[in-house]
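Protein chains in written order, with this note's numbering: chain A, 1441 to 1756; chain B, 1027 to 1253.
What the hints contain is simulated information worked out from the structure, not anything from laboratory work.
Cβ coordinates follow ideal geometry from the N, Cα and C atoms, glycine included.
Treat the hints loosely; a few may be bogus.
To be verified - Sample of chain A residues facing chain B (criterion: CB under 7 Å; computed from the structure):
hint, residue
1, E1661
2, V1664
3, V1668
4, A1670
5, N1673
6, F1674
7, Q1676
8, P1678
9, A1735
What the hints assert, rightly or not - Pair ranges (Cβ atoms, derived):
hint, chain 1, residue 1, chain 2, residue 2, range
10, A, D1672, B, E1229, 23 to 31 Å
11, B, E1231, A, N1673, 43 to 51 Å
12, A, A1480, B, E1231, 26 to 34 Å
As the list claims (entries may be wrong) - Counterexamples of contact, computed for chain B against chain A with all Cβ distances above 10 Å:
hint, residue
13, Y1037
14, G1055
15, A1056
16, H1063
17, A1076
18, H1098
19, P1102
20, F1104
21, V1110
22, D1120
23, A1124
24, P1130
25, H1135
26, N1194
27, A1228
28, F1247
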Amino acid sequence: MSGTSPLGDPASGLELQNFAERQGRVLITTAKRLMATPLATLLTIAVIAISLALPATFFCSVISLQDVGLSWRGNTVVTVYLEQSMDDAAGAVLTQEMAAREDIRHANHISKEQAAADFAQWTGFEELLSSLDENPLPGAIVIEPAIDLSDVKAAESLAVNLLAIDGVESADMDVQWLERLNAVLRLLNTGIAIVASLLAIAVIITIGNTLRLDVQARREEIAVAQLVGASDNFVQKPFLFTGLLYGFVGGLLAALLTTLAIALLNSPVAALAAEYQSSFRLSGLGVSGFFALLASGTLLGLCGAWLTVRQHILRV
Amino acid sequence: MIRLHKLSKRYPDTGGSALSNLNMEIPSGAMGFVIGHSGAGKSSLLKLLAGIEKPSGGEINVAGFDLTQITHRELPDFRRQIGVVFQENRLLFDRSVAENVGLPLEVCHVRSADIESRVRAALEKVGLGQHFDAMPQQLSGGEQQRVSIARAVVNRPSLIIADEPTGNLDRKLAQDIMRLFWDFNRLGTTVLVATHDVDMVAEMEMPILELQDGQIVHNQFSEAVVL
Ligand SMILES: Nc1ncnc2c1ncn2[C@@H]1O[C@H](COP(=O)(O)OP(=O)(O)O)[C@@H](O)[C@H]1O
Ligand SMILES: [Mg+2]
């Protein structure tokens, strides 16, 4: 039959070229059709772009915060506060004992005097301290553990061990702060995943609905094509390409919107970070994020189109 | 080319039989008419022959395809073997004449250069060579029907099925269209035309199949086969 050639035929190269040419032709026809109704097309693409940009922006923000948590982990220390009654000499001895332990890499003694000086510097209550007869601040030992404090079990057993030592009043682990951050980030991540899933469904529904109307408008064209021997594949292709184009362009626009949103957010973020002597900024999509967004858009577009076309074309 | 055995068709929503117990055979290369009053079952028979409707019972064989067994996937292959012309020509009015005629070639992936030359040839045959780039709405009713005939023959089908192709046309145009079908028949294509225009059928001196209330009351094809 026309259009097919036996395997090994020298014309098979031509067949491939013919195939590529056909896909290109359908794609161009589809693009032209979409551009013939610019407003309707733009609205559909805008809905898709916003649905993708919203979770993408949140996701970029959470990733940035996660990076903060990760960089913190490197210099996590435990501050062990000594009993008020322990003097500096005993504190120094205890520091050396701690430094010798296997689960501690480094221990640094902070004398009562230094604690008072630090306190005065941090709070500005110099007079308050000097008005007292005796230095009320305890000595402390700042410990760099040899274990990974993000491992909650290990961190807890270290805390128990430290508190069991004579003369130790309390142990303050910065890791608790990190744990809380991580818990909040996990919560945010789950929230974003839920919002993103819902919006993905919204994209599929939007594209599905647009294409359903499109299929209805082209009912006669589909019927006639089928009467003259069009396969399902042939009839579906323009609609699948339409979904693909919607999704792809929607993804592109979403990347633009996300970049814009992060740029807008970053100026208040910079101001806030400056309050904490931090140069923290939200990071953008990056190359992989850009392609991930583009791929999600395209895939969702194709998916929405496929589901609709399956449902409506075969019934024509 | 066509073989019916105890073929029947019932539409679920009307209950009554549109066709019942049809037995007949039409040989390859024949040309003839299906006649009968409105409601006799002509369109139903042609829709069954074109694979547009499914039979309710019996056997139907067209161009080597068993249409009682045919699957959705095989249907396009069958449709590419036959050319169908409708009373309401069913042209696509947002496409040019050439694109309409080229559609049967496009759906079976003929290369665009070949499509163009074959569409030109088909339009020449129906006398519309000069309207290649026109839009269908720029043409008269008779010309539009000839475009739909060009679309039906462009893929060189072995069977042409036409359901009242001249129903909307005046006498002279109707004769032109019939002559066109005859031309294709002389090139070897089997042609079956449904009409209620008995006068025209009489002029053509060709075998007829007459339907009445869904049954064959007169079959000159079988006489031809016997000969
Ligand atoms: N799609 C349909 N659904 C229900 N009944 C139909 C349908 N098509 C035709 N019929 C019925 O089948 C009978 C034959 O109709 P048809 O084949 O159109 O006859 P003709 O073409 O000879 O006028 C009529 O009684 C008609 O009402
Ligand atoms: Mg009819």
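Hint by hint, here is what the structure shows:
no., hint, in the structure
1, E1661, "holds, 5 Å"
2, V1664, "holds, 6 Å"
3, V1668, "holds, 4 Å"
4, A1670, "holds, 4 Å"
5, N1673, "violated, 9 Å"
6, F1674, "holds, 5 Å"
7, Q1676, "violated, 12 Å"
8, P1678, "violated, 12 Å"
9, A1735, "violated, 29 Å"
10, A:D1672 with B:E1229: 23 to 31 Å, "violated, 43 Å"
11, B:E1231 with A:N1673: 43 to 51 Å, "holds, 45 Å"
12, A:A1480 with B:E1231: 26 to 34 Å, "violated, 57 Å"
13, Y1037, "holds, 18 Å"
14, G1055, "holds, 21 Å"
15, A1056, "holds, 23 Å"
16, H1063, "holds, 26 Å"
17, A1076, "violated, 8 Å"
18, H1098, "violated, 8 Å"
19, P1102, "violated, 5 Å"
20, F1104, "violated, 8 Å"
21, V1110, "violated, 6 Å"
22, D1120, "violated, 8 Å"
23, A1124, "holds, 15 Å"
24, P1130, "violated, 4 Å"
25, H1135, "violated, 4 Å"
26, N1194, "holds, 18 Å"
27, A1228, "holds, 31 Å"
28, F1247, "holds, 25 Å"
In this structure, the hints that do not hold are numbers 5, 7, 8, 9, 10, 12, 17, 18, 19, 20, 21, 22, 24 and 25, in rising order.
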